[in-house]
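Can you build the whole structure from these sequences, using the hints too?
Residue numbers (the working numbering), protein chains in the order written: chain C, 1 to 327; chain B, 328 to 577.
In case anyone wonders, no lab produced these hints; they're calculated from the structure.
Quantities reported herein were computed from a predicted structural model and do not represent experimental measurements.
Cβ coordinates follow ideal geometry from the N, Cα and C atoms, glycine included.
Hints may be right or wrong, so weigh each one.
Listed next, the stretches of chain B that the computed footprint assigns to chain C, with coverage defined by at least 3 CB atoms under 8 Å from CB atoms of chain C [claimed, not checked]:
| no. | segment |
| --- | --- |
| 1 | 442 to 450 |
| 2 | 562 to 576 |
So, partial list: chain C residues that the calculated Cβ filter (under 10 Å) puts toward chain B [claimed, not checked]:
| no. | residue |
| --- | --- |
| 3 | I117 |
| 4 | D126 |
| 5 | A143 |
| 6 | R163 |
| 7 | G258 |
| 8 | T260 |
| 9 | E295 |
| 10 | I301 |
| 11 | I304 |
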Amino acid sequence: MSNVLVVVEQREGKLNRVSFETLRGAQQLAAEMGWTLEAAVLGANPADIAAEIAKTKVAKVYALSCAACEHYTPDAYAAALKQFIESKKPTLVLMPHTYQVRDFAPKLTTALNRTLISDAVGYRQDGNKLVFVRQMFQGKFAADVSFAGEAPYFATFQAGAFRGDQVETGSAPVEAVTLNVDASSIRNKPLEIFKEAKQAVDLTQAEVIVSVGRGIKEQKNIEIVQKLAEALGAEVAASRPICDSGWLPMDRQVGSSGQTVAPKLYLALGISGAIQHIVGMKGSRSIIAINKDAEAPIFEIADIGIVGNLFEIVPPLIEEIKKAKGA
Amino acid sequence: MKQVPQKDAPLKLNESATWIRDDVSYEVNEPDAYALEEALRQKEKHGGEVVVITAGPARAQTVLREGLAKGADRAIHLEDNGFVGLDAFNTAKAFAAAIKDEQFDLIFTGLQSDDYGYAQTGVILAQILGWPHATIIMHIDKTDAGIKVKRELEAGFFQNVDMPLPAVLTIQSGINKLRYATLIGIKQAKNKPLRKVTMDEVKSSLGDNMQKIEKLYIPQKTKKTEMLEGPPAEVAKKLVEKLKNEVRVL
Ligand SMILES: Cc1cc2nc3c(=O)[nH]c(=O)nc-3n(C[C@H](O)[C@H](O)[C@H](O)COP(=O)(O)OP(=O)(O)OC[C@H]3O[C@@H](n4cnc5c(N)ncnc54)[C@H](O)[C@@H]3O)c2cc1C
Ligand SMILES: Nc1ncnc2c1ncn2[C@@H]1O[C@H](COP(=O)(O)O)[C@@H](O)[C@H]1O
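See below:
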């Protein structure tokens, strides 16, 4: 009998809710393959989170307690999970593709002499083969990727790959497991978690956002975006590379490492639509994208799309908006 | 430092739909350029030597020359077409084999590649070498016992971490401001040492790939996007109609 193990994410004693998406994906996969599904949570005091996960439809929840895991380090997490996985021998281990998982999962799989299919957006049965679908070349292509060699197999799911709110509920037994990790084997010393000094703009409150990406080409061109925003009464936001280059301040950045916004209108100019950007704005009521590349992934989530050169479209757009407002 | 297709390059699939056709323009993987810049800055502060390394076909030498022109002291090129098809575990194994006689204090990689996007090679390399690692790094300070790094977490949070050396760090874009190569730099780069490593030299350290791309394809569209078409002036008019009547922001 094959089985799937989902390792949910706990950070500083809190469940990361993106774990429910992975659980949902795992429920579907386990049902289709006829496999059993179990879940595990690792931490110094995992009992509360284990109890929360036990309310979903899984066969069992393991509360993995490890004193050395109180504060996250890759050494402690990889060592603890390696012990558990070697004793339980799951066929497939699934995790959400979070920053924390990216930090320890490749170490864990390497220590087990196994491989990790990272950042998958789904899975499929291809004949009798289970393949995972992942984005490549910045989302321009999708790839079906299969495992070679022996189980356990490891995969992580991208945020948004499954609907966490559709996770099936249930009532599962919790098994407490104690894992011993030698504290002296931990080399990194994690210090304080902090935010940068207070942000000057709060994009989360904006009704209308005009957001600019690398399609703007040069710093001096930002001006036309500011003019458009002014005409629309909008806040200006940006993709990460614009802020990395210092063309706009960091607090204008939207995405996984920036702000999460949900305005009435999000107008994306010259933004390709990388997943790290999308997660920060996909909740917008209306998304309009202007991009010269018809295949740009941003069109996958846009309500209205215009394939074209932003430098040709923005000036007449500003004029039309002014006219409409004047009327 | 990895060579990847240029961001704007139109990509086409090869005949077996397992990789892209090779006839595109290439550039340095973005975070890798920041990793090099950070290495140069650390050297300027603390002394030492910066070595750039890549695995890829002959064309990938451009990346190394660029690194040397910006100030790296020497380069290592694992040169073979076969390196393009390795999974992250094997790429890391190849690097580990190629540098076994080196004595680095720090290894920087980008946090992920634009083509594969594994986000794994640096972490795997650390594990193979038995070194500690930290990922998504936005700042590095030398301390008495090693280094203090600033890790990016999600949603605008950061965490400082103290760690010993030697270590592997995966660098995030935006950690610093990139420099341009100077004309003198470009000239000097031609005379800097570049060691080539063949596939044969590292083959005994590699294993079979443990993951395989069955096929590549254009992702299926799931959302119906309403496309506005026409010359710019007309499109602008249509869009303003929508803003007024449907989106209701005018
Ligand atoms: C861990 C991690 C965290 C990240 N966090 C974030 C984040 O918080 N926010 C974020 O945005 N990114 C983030 N990124 C980066 C992200 O992966 C992308 O690299 C980034 O979003 C790309 O920005 P872009 O769309 O502006 O640039 P590109 O991907 O270069 O796209 C530019 C687009 O402009 C179009 N274009 C070019 N010229 C024109 C023209 N004249 N007219 C119209 N269109 C044109 C092109 O067709 C292209 O689609 C993160 C990455 C990682 C790995
Ligand atoms: N073939 C390669 N040549 C040089 N560097 C590489 C190569 N593959 C991966 N890397 C490095 O590892 C990082 C992460 O790549 P990946 O694990 O593919 O996302 C990249 O940013 C590079 O710094």
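A quick look at each hint next to the structure:
no.: 1; hint: 442 to 450; result: holds (count 7)
no.: 2; hint: 562 to 576; result: holds (count 12)
no.: 3; hint: I117; result: 6 Å, holds
no.: 4; hint: D126; result: 7 Å, holds
no.: 5; hint: A143; result: 5 Å, holds
no.: 6; hint: R163; result: 13 Å, violated
no.: 7; hint: G258; result: 7 Å, holds
no.: 8; hint: T260; result: 7 Å, holds
no.: 9; hint: E295; result: 7 Å, holds
no.: 10; hint: I301; result: 6 Å, holds
no.: 11; hint: I304; result: 5 Å, holds
In this structure, only the earlier hint numbered 6 is contradicted, and the remaining ones agree with it.
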